Amino acid sequence: MVRLMNEEDIRRALLRLSHQVLEKGVEVADLIIVGIQRRGVPLAKRMSKIIEEFKGKKPGTGILDITLYRDDLTQIAYQPIVRSTDIPFSIDNKRVVLIDDVLYTGRTVRAAIDVLIDFGRPQKIELAVLVDRGHRELPIRADYVGKNVPTSSEERVEVKVREIDGRDEVLLLKKSEVDI
Amino acid sequence: MNFNRKDLLGIESLTKEEILFILETAKSFREVLDRPIKKVPTLRGKTVVNLFFESSTRTRMSFELAEKRLSADILNFSASTSSSTKGETLLDTARNILAMKVDCFVLRHSTPGTPHLLAKKLPVSIINAGDGAHEHPTQALLDLYTIREKKGKIEGLKIAIVGDIAHSRVARSNIWGMCKLGAKVRVCGPPTLIPPLVEKMGVEVFYSLEDALTGVDIVMMLRIQKERQNKGFLPSNSEYIDFFSLNEEKLNLAQPDVLVMHPGPVNRGIELPARIADGEKSIILDQVTNGVAVRMAVLYLLLAKR
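Going down the list, the protein sequences come from chains A and B. In terms of numbering that gives the first Met the number 0, the first sequence opens at residue 0 and continues consecutively. In terms of numbering that gives the first Met the number 0, the second sequence opens at residue 0 and continues consecutively.
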């Protein structure tokens, strides 16, 4: 097991991601931050807070669950838990930044884009992730990356967040450690 | 928790945990109904057959909408226009439809146990949409969902179910569900319409509506089925109205925040007056809306897997 990021690394990465988001467009009224369930949600809330502290105005912040849009529902033995989606405002003509903890195959992001498009027609959709570990299976890339980590597909990247796991850290697990 | 069942046949066979899991799952589907595009691609490529051997408006439309909102393909079958009028047996009908490669039957039939028979004989999911006077599990689930949504809980609530308990699958499924979730359930109606030994299901029996309503949080009025009225269960309609119809005076005996439910279709002026059915304590139309979400959850839990 390797610790890729500690609490301070995550704090700084989110600060940097938030500023990069603002560099591309400073109008907070047009910005919407959407966290992908589960660990993208607290990350989105933290980024939204950072932006509020910096700009004096909170961007619209939503929650999105991709379960109903997964492409593997006919292949898995048990149906995954459907978590809540909460985007209580119009996303038409807004700039939407999706936040997730780890970017891997890109299938989650594909599903998330489909969810967003069923909610309206954003002017633009961007993607921010805390960790990009490679191994894409779809033509998808992140606009903002906290940390690039070369991995083998045997390994697993685990992001722990205070709000869900009680602590902030990112771990790289070998295959032999994964099922422990 | 994993919901590892092929079929939904009744509430009696579900555990408390399974019921709560379905209700929690339904919350996420309720949100889908408020979206601008009320459709998700979850059951793409699955085919659901609505096999209705008894008439139905609400339940059938609710199932059909739930299936459509999940992007399933749908076949609708009604007994009156089908080969069953030529004498084909239920099992043959179902096997023939199954041979066309479908994934799920939603079955309503006047004979209790019919869905259980199909579930045993066929390798696909069966959902009971009402079998005689036995069970109507999705109705109970949507009622439980609606109570939880409005009251925040079910445990400890006092609930009165009023009317024709003996012939009501809605009552039976609700009694199982409410008792499992810890409500205190009372049933009330004329003695001819209270089934013997109903106390064994964990309910308290009342023959006076005033007594039954005293202090309750929820009152669920059941439809007096017109077809029962000529069979000697009731002396007359007007006598039933005198003793068992809801009015403001009787409703004042309940908790101030009492809510009034009815599974529909409502006989206005018999079970309750229009003033109450359309009044602020009525959550009858919330039940209907939530029905779609609950049925989406059930279809998802049964079909969204290998």
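Think of the hints as simulated: they come from the structure by calculation, not from any bench. Take the hints with a grain of salt, since some may be wrong.
[What the hints assert, rightly or not] Taking CB as the label site, the calculated pair distances span:
| no. | chain 1 | residue 1 | chain 2 | residue 2 | range |
| --- | --- | --- | --- | --- | --- |
| 1 | A | N92 | B | P122 | 47 to 53 Å |
| 2 | B | K100 | A | K173 | 41 to 47 Å |
| 3 | B | K15 | A | E6 | 50 to 56 Å |
| 4 | B | Q254 | A | K173 | 58 to 64 Å |
| 5 | A | D164 | B | V204 | 49 to 55 Å |
| 6 | B | K152 | A | I163 | 21 to 27 Å |
| 7 | A | S83 | B | E203 | 35 to 41 Å |
| 8 | B | G151 | A | K54 | 36 to 42 Å |
| 9 | B | N95 | A | K23 | 56 to 62 Å |
| 10 | B | E238 | A | T73 | 55 to 61 Å |
| 11 | A | E51 | B | V204 | 32 to 38 Å |
| 12 | A | R11 | B | P122 | 52 to 58 Å |
This one's a predicted model, so the numbers in the text were calculated from it and none came from an experiment. Glycine residues also receive a C-beta, built at the ideal position from the N, C-alpha and C atoms.
Taking the Cβ atom of N95/B and the Cβ atom of K23/A, is their distance within the range 56 to 62 Å?
holds, 60 Å
CB of D164/A to CB of V204/B, is that within 49 to 55 Å?
holds, 51 Å
Is the gap between the beta carbons of Q254/B and K173/A within 58 to 64 Å?
holds, 59 Å
Does 55 to 61 Å hold as the CB distance between E238/B and T73/A, or does it fail?
holds, 57 Å
52 to 58 Å as the expected CB spacing between P122/B and R11/A, which holds or is violated
Holds, at about 55 Å.
Could you check the hint for me, namely that G151/B and K54/A are 36 to 42 Å apart, CB to CB?
holds, 37 Å
Is it true that K100/B and K173/A lie within 41 to 47 Å of each other by Cβ?
holds, 44 Å
Between N92/A and P122/B, is the Cβ distance one that fits in 47 to 53 Å?
For N92/A and P122/B the Cβ distance comes to about 49 Å; the hint holds.
Taking the CB of E51/A and the CB of V204/B, does the distance hold inside 32 to 38 Å?
Given a distance of about 59 Å, which is not inside 32 to 38 Å, the answer is violated.
Is it true that S83/A and E203/B lie within 35 to 41 Å of each other by Cβ?
holds, 37 Å
CB of K15/B to CB of E6/A, is that within 50 to 56 Å?
violated, 40 Å
Distance restraint evaluation - K152/B, I163/A, Cβ atoms, bounds 21 to 27 Å:
The hint (21 to 27 Å, Cβ to Cβ) holds, given that K152/B and I163/A are roughly 25 Å apart.
When the structure is compared with the earlier hints, violations turn up for hints 3 and 11 and for no others.
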